[in-house]
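Engineer: My request is simple: use the sequences and hints to build the entire structure.
Single-letter residue listing:
4 protein chains.
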Amino acid sequence: MIYFECDYHEGAHPKILEKLIETNFEQTMGYGVDEHCEKAKEYIKKAFSCHNADVHFLVGGTQTNTTVISSVLRPYQGVLCAETGHINVHETGAIEGTGHKVLALESDDGKITAEKADEYIKSHFEDEAAEHMVQPGMVYISHPTEGGTLYTKNELEKLYKVCQKHSIPLFIDGARLGYGLAAKNTDIKPEDIPKLCDIFYIGGTKVGALFGEAVVITNDALKKDFRYFIKRHGGLLAKGRLLGLQFEELFSDGLYFEISDHAINEAMKVRKCLEECGVKVLFASDTNQQFPIFTNEILKELSEKYTFCYWKKVSDNESAVRICTSWATKEENTQKLIEDIKKVTKG
Amino acid sequence: MIYFECDYHEGAHPKILEKLIETNFEQTMGYGVDEHCEKAKEYIKKAFSCHNADVHFLVGGTQTNTTVISSVLRPYQGVLCAETGHINVHETGAIEGTGHKVLALESDDGKITAEKADEYIKSHFEDEAAEHMVQPGMVYISHPTEGGTLYTKNELEKLYKVCQKHSIPLFIDGARLGYGLAAKNTDIKPEDIPKLCDIFYIGGTKVGALFGEAVVITNDALKKDFRYFIKRHGGLLAKGRLLGLQFEELFSDGLYFEISDHAINEAMKVRKCLEECGVKVLFASDTNQQFPIFTNEILKELSEKYTFCYWKKVSDNESAVRICTSWATKEENTQKLIEDIKKVTKG
Amino acid sequence: MIYFECDYHEGAHPKILEKLIETNFEQTMGYGVDEHCEKAKEYIKKAFSCHNADVHFLVGGTQTNTTVISSVLRPYQGVLCAETGHINVHETGAIEGTGHKVLALESDDGKITAEKADEYIKSHFEDEAAEHMVQPGMVYISHPTEGGTLYTKNELEKLYKVCQKHSIPLFIDGARLGYGLAAKNTDIKPEDIPKLCDIFYIGGTKVGALFGEAVVITNDALKKDFRYFIKRHGGLLAKGRLLGLQFEELFSDGLYFEISDHAINEAMKVRKCLEECGVKVLFASDTNQQFPIFTNEILKELSEKYTFCYWKKVSDNESAVRICTSWATKEENTQKLIEDIKKVTKG
Amino acid sequence: MIYFECDYHEGAHPKILEKLIETNFEQTMGYGVDEHCEKAKEYIKKAFSCHNADVHFLVGGTQTNTTVISSVLRPYQGVLCAETGHINVHETGAIEGTGHKVLALESDDGKITAEKADEYIKSHFEDEAAEHMVQPGMVYISHPTEGGTLYTKNELEKLYKVCQKHSIPLFIDGARLGYGLAAKNTDIKPEDIPKLCDIFYIGGTKVGALFGEAVVITNDALKKDFRYFIKRHGGLLAKGRLLGLQFEELFSDGLYFEISDHAINEAMKVRKCLEECGVKVLFASDTNQQFPIFTNEILKELSEKYTFCYWKKVSDNESAVRICTSWATKEENTQKLIEDIKKVTKG
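Chains as they are written, first to last, in our numbering: chain A, 7 to 353; chain Y, 7 to 353; chain L, 7 to 353; chain V, 7 to 353.
No wet-lab data here; the hints were simulated from the structure. Only a predicted model underlies this, so the values are computations on that prediction, with no experimental measurement involved. Be careful, since some hints might not be right.
[What the hints assert, rightly or not] No farther apart than 30 Å at their CA atoms in a straight line, the calculated lysine-lysine pairs in the DSS-like style are these: (1) Y:318 to A:230; (2) L:336 to V:229; (3) V:45 to L:311; (4) L:45 to V:311; (5) L:164 to A:319; (6) L:45 to V:21; (7) L:167 to A:319; (8) Y:318 to V:167; (9) V:230 to A:128; (10) A:45 to Y:21; (11) Y:342 to Y:311; (12) Y:128 to V:21; (13) V:336 to L:21; (14) L:167 to Y:229; (15) L:171 to A:319; (16) A:306 to L:128.
[Claimed, not checked] Some chain Y residues judged to face chain L by a derived CB distance under 8 Å, without partners named: (17) 33; (18) 233; (19) 234.
Heads up, the beta-carbon is just placed ideally off N, CA and C, and yes, glycines get one too.
Structural biologist: The structure is reproduced here in C-alpha cells:
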C-alpha cells in the first residue's frame, strides 16, 4: 500500500535525524532557551526578512492555533475564519475550549475575501446592541488553505488593509506554508508574509520535521508574555532544543524551501495527469494537496493500492478525495499512481 | 559546565534514536493509530500487568495533566493536590485554564496523607452549603513527588481506599515514575500502580525519551472518548508513531527500568557523599532528585563548574538546590561532582 | 412614544408587586431554599404535570442557557442549534465562554428539523476521525423561536425521538414559553413539554415577572449537583425567595397562562391588521412577536410614535422590524398602532 | 424564630418597593440604558466623588466578582486574595471557571498587607522561570472583609501604592461597603474609595436593595467594552431599570448610608453585650457581622430562638458563629437577643 492520504506519513528529513544524533548528548537548558533555538530563530528571521520579530517554537498545529488565538483575543471576542478553516472544523473545539467563538464566514474556496471581512466587522461595530454579540477580534486565514488554494499577493494585501483599518490582527496559519511558497504561480515571497500579517506560523510537521511549528510575531503589541501562553497551553517542550535544532536544520541553508519544491513537483505531476485524464477536481490547487473527484468504482480500484483522504461525497456515484504529496514522496510512487489513474480512468 | 539542573538536558537514549532512523521512511497513519503505538501499548500493559487498561500517548507533562484532569472532573469540581504539586505551582494555571480549582492541601514532604484527604472530602460533603464551594472531584499525587519523596505501598493503599470510599478517582502523575520504581527502598512494584489508582501516566521525557508520556486508564468509567480530550488539548501528535516507537523501545525489553536504575545509582552516590560531608538536605530522597542545603559560599563555588536548580532560600546564608541525575548522567561527571563537594565542604 | 420593541419594557404584573410588598419583612433563608420557592416548585410541577421533575430558579435567560448547557455537556461536546438560535447570536459567546461550540444548523424559520439533527449526529459518529471534531452532545431549541414560530407537536415528537435514539438530551429554551402555549393554533399543551424534552425553562422575565426563569429537569441523569452549577454561574440569587414568590404568584392560579393569552390577543390584532393592509411578513408568527416588512418611508413615519426592534434590511427600500406585544400591552396602544398602520399603508 | 444568620433575610427597604410600584408601567429600554440607570449613576458618582468613573449595575456578588476579575486579567494571570476571600472559598470556583487561579495569601484577619502583596509580586517577577507560574495580575480585597474587619486608610493607601508600583489593578469587593463606611472607628470616607483602587463595587443586595451591585471603574484602562463582559457573564438584566431605580433610591438622598448606620448601631449593641458578658470573639469587628465564640450548650440554647451562621469549630466544646445585623434588623429583636445572651451566659 502506498500512502497519499496526508503529508505526515513519514518521519523527518534525514538531515534532521543526523542533527538529532550529532547533538544528542549535548547538555542544554530546557524549555527553548538553548543555543539551537537561538540560532533557529535567527535563521528564520533572515529567511523571512523580519529582524524585529519574536519567534517561538511549539509542537503541533492545534496547540499553536489555540495558543496564538487565545493570546490575541479579549474574552468576549471571536476569531473570523472561513467556514472550512481548520480551527472551525478539525480541532475538536480547542478554540472554544479557550472561551472564544469561531466566527465562520461562508467560503467556496477556503479563502476569506477582504470585502466579506470588512462587511462583517463594520456591521458588528455599527450595531447598537453590539455587546450582545461576539466582537470580531482577529482574522484567521490558512495559507495554503485546507483546500490547497492560495491567496494572491493582492488579495492578501487587501485583506490586511481591512484588518489594519479596524485594528484587528491578522493571523496566518502556515501549517503548509512551505508548499504555498513553493507553488509555481504564487506571487507571494517569504519576505511578504511578515509584512502582510501580525502573526503567523511556519509549519514544520508537514514539511520535513518530526514535529514543530514556528510562531513569528511581527506586531509588537502581541509579543508580551507569550511564553506564559505557551506554557499554559502545554506547548513549552521540556527538551526545547529538539524544536530548535529541527528549524535550525530546515532554515540554515534553504532546506525547507528545497523540500517544499519537491512536493510541489510531485503534486503537479498528479495534477497534470488528472487534467489529461479528464478528472474533475474540487478545488484548483497549486499546492501539494490535490482534490480529484472519482467515481466510486474508480476510487475503489485505486484504493487497493493507494490510500487517499476521503473528503466528501459529491454525488451518489462520485466522491472527492485528497491526494497529498510531501517532502518525502518518492518519485517512483508518484509515477505508479499516475499510471494507475490513467489506467482506471480510461476504462 | 556540567549540568545537574534537571533530568531533561540531553536528547534520548541511543536505542530510541536508532529506532527513529530505522523506521523513518515507513509510511504510517497519523494521530497514534499505527502499529508502533499498538505494540507500545501492549508492552506497557504487560510491564504494568494491566491488560484491560487503555493506553494513550501524549507529548508533555503539563499537557498530560491538563488533559487527564479535565477529562475526569465535572465543571464545578476541583482536584485535591499537595500544595507543592506540579499542577499547583509550575503549570502556569493550566488546570485553572480548564475551569478547575486546584484544592491545595498543606504538605511537608510533597505527599498527601489518606487522613487529610479523607477529612477534606468528608467535611465538604457534610457542609450544608456545600454548593457554594468547589466540590473535590479527584485526587492528584505525583510519585515520586516534586521533592523526590515516595509513597510507601501502605500509604498509597490507604489513600486509594479513601478515594474509593468517596467515589473519587485517584490520578498519579508519573513524570518520573521510572525513578520511583527503581528506588532501592520502595516496596511499590510496577504491577501495584494500576491496582492502586484509576489513572496514571508513565513519564518518558525525563526517562530516556525525546518526549512523551503514556497515560494508562484502568478505571473503565474514565475511558470513554479520551481521544477527543487529547485532540482538544492539542496533544494528538500528527506523527503519533514517534510516541509509539519510543515507548515500544523503552518497554519491549525493560530498557525503561534499566536506565532508571542507572539514574538512581548515580543519585545514591551523590546522596552518600552529601551525608558523608555533613550536608543537610531539604527532603530525604530515595530518587534521582537530591536537595542539599549549601551555604551560599559553597554554592557559588560549585556553580562555577556545575548547574543546579535553585530551589529556595533556607536562611540568609543558606540555599537549597536540586541536583538531578538521569538516564544520561555520565559516571565520570557524578565522580567529579562528588569530589568537588567533598573539597568545598571540607574548606 | 409607545414601545413595541420588546416584551420587557414594563416592570411586573401588579399581583407580583403586591406579593413583594406583602412578604417584604418575612425573614427567609437565602439562596432559594425558602418556602416560597418550595411552593412555586410545586405549582409548576402541577401546571406542567411533571411531578418527578427538579425545578430551579435563575435570574435571566443567558445565565440560564449557559448554566443548563454547561451542566449537560462534556468538555469536548457542542450543542446543536438553529443558526438563528439565541445562544448562537445574542449571548456574546457565553456558551463558548464555558468551552463549548455552538453547532449551528441552517434554518429558514428558526426551527431544527428532526431530519437535519439526525443527519448531523449520525454523520459525526460515523466519521472515522470523529475525535477531530466537536461531538454533538445536546440539542437546543427555542419554543417559540426567536422568529416567533412554533413547533407542532408532531415536529417536536420526531425531534425528541432522534435525540433519544442518539442518547442526546433535548433542551427547550422557553424564554417566551407562555406565549407559545397561548397561541391559537398550537397543539402543544403544558403537560406535553416535560414529556418531549429532557430539560426546559419557563420564562418569567418576558411573561409578567420582574425577572426569573424556572428550569425544569425531567431527565434524572441531569439532576445531580445542579445547584453547584447555578452558584458557579452567578445565578444563585441571595434573596432567592424573590424568584420563588414571583413564580408562586404566576402559577398558583393560572396567572401565567392568563396574561400570556392577553399578549396573544393583542398580537393577533396586529397580525390581522397587517394582513388586511397587505403588509408582507418575514415569518408567519402565531405568537407575540410579529415581523412586518415595511418600506423605509412607512417605517420612518410609524417610528415617530412607536418603537420597534429593527430586525433586518430586506431590500434597499424595505426593512423587517419586530413588533412585540406582552402581558403589559395596553389595548388602547394596540388600537392606536393598528390605526396608524392602516393610515400609512393606505397612503 | 428570629434570623441573625445573614444580612439578606428580608426583601428591600420600603422606599425601594414604593419606587418599584410608582414606576411599574413606565416603558423603558432594556439592558440598563434607561433614565433610571442614568440617574443612579450620577448619584453614585456624586456620593463617591468620582465624576469620571464608569458605573455599571449587575445582579449579584459572585457574578460581579467573576465579571470584574475576568475583565481585568490576561488569561495567564491570577488574582491575589486573602485565603479567606469570598472568591477563594464561597463562589464554587467561579473565578477558576473563567480560567484564572486565585492566588491565596495567608491572613489571620481577612486582610492582605501591603508587605505580603509586594513580596509575592516581586518574587514572581524576579523568578527566572516566571512563565511556569501564574502571573499575579490584580489584587482583590473585600472591605469590610468576610470576617467583618476593616482596612484603615493608611493600610489601604500602602496596599494601593504597592499595586501601582507593579502596575497591578486593585479591586475592592464592597458587598457590604455601606456597613464598612458606617463603622464608628473607620477613617475611610466614601470619597476615599475611588482614589484608593482601580475598580470597586457597592453592594446593594445586603444593604437595602432586593438585589444589585454597582460596579465603579475609575481606572480608564479598565473601562473598555465592559458591557460585553456583563452580557457574556449573564449579568445584563433585561429589565435593567430595576437596578437603576433601586440605586437611584439608595443614593439620591443618602438612604444607603442612613440604613447602614442603623445596622451598625444594632451590631454595636450586640458587641457591647458580648463584651459585657465576657464572650470571646473570633475577630474584633466594627461592622455588622459579629463573631462570638459560644460553648456548644449556650449555642444550643440560643438556637432555639435565633438563627446564626455557623462559622467554625473552635474547640471540642466551643463554636464560632456569625451574628449579622442589617438595614432591616428590628431594634426589638436585637433587644431580645441581647437579653437572652445575658441570660444564658450568666448561667
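Engineer: Compare the structure with each hint and give your call.
Structural biologist: Evaluated hints:
{"no.": "1", "hint": "Y:318 to A:230", "verdict": "holds (27 Å)"}
{"no.": "2", "hint": "L:336 to V:229", "verdict": "violated (39 Å)"}
{"no.": "3", "hint": "V:45 to L:311", "verdict": "holds (25 Å)"}
{"no.": "4", "hint": "L:45 to V:311", "verdict": "holds (25 Å)"}
{"no.": "5", "hint": "L:164 to A:319", "verdict": "holds (27 Å)"}
{"no.": "6", "hint": "L:45 to V:21", "verdict": "holds (28 Å)"}
{"no.": "7", "hint": "L:167 to A:319", "verdict": "holds (27 Å)"}
{"no.": "8", "hint": "Y:318 to V:167", "verdict": "holds (28 Å)"}
{"no.": "9", "hint": "V:230 to A:128", "verdict": "holds (18 Å)"}
{"no.": "10", "hint": "A:45 to Y:21", "verdict": "holds (28 Å)"}
{"no.": "11", "hint": "Y:342 to Y:311", "verdict": "holds (10 Å)"}
{"no.": "12", "hint": "Y:128 to V:21", "verdict": "violated (45 Å)"}
{"no.": "13", "hint": "V:336 to L:21", "verdict": "holds (27 Å)"}
{"no.": "14", "hint": "L:167 to Y:229", "verdict": "holds (28 Å)"}
{"no.": "15", "hint": "L:171 to A:319", "verdict": "holds (25 Å)"}
{"no.": "16", "hint": "A:306 to L:128", "verdict": "holds (23 Å)"}
{"no.": "17", "hint": "33", "verdict": "violated (18 Å)"}
{"no.": "18", "hint": "233", "verdict": "holds (4 Å)"}
{"no.": "19", "hint": "234", "verdict": "holds (4 Å)"}
When the structure is compared with the earlier hints, violations turn up for hints 2, 12 and 17 and for no others.
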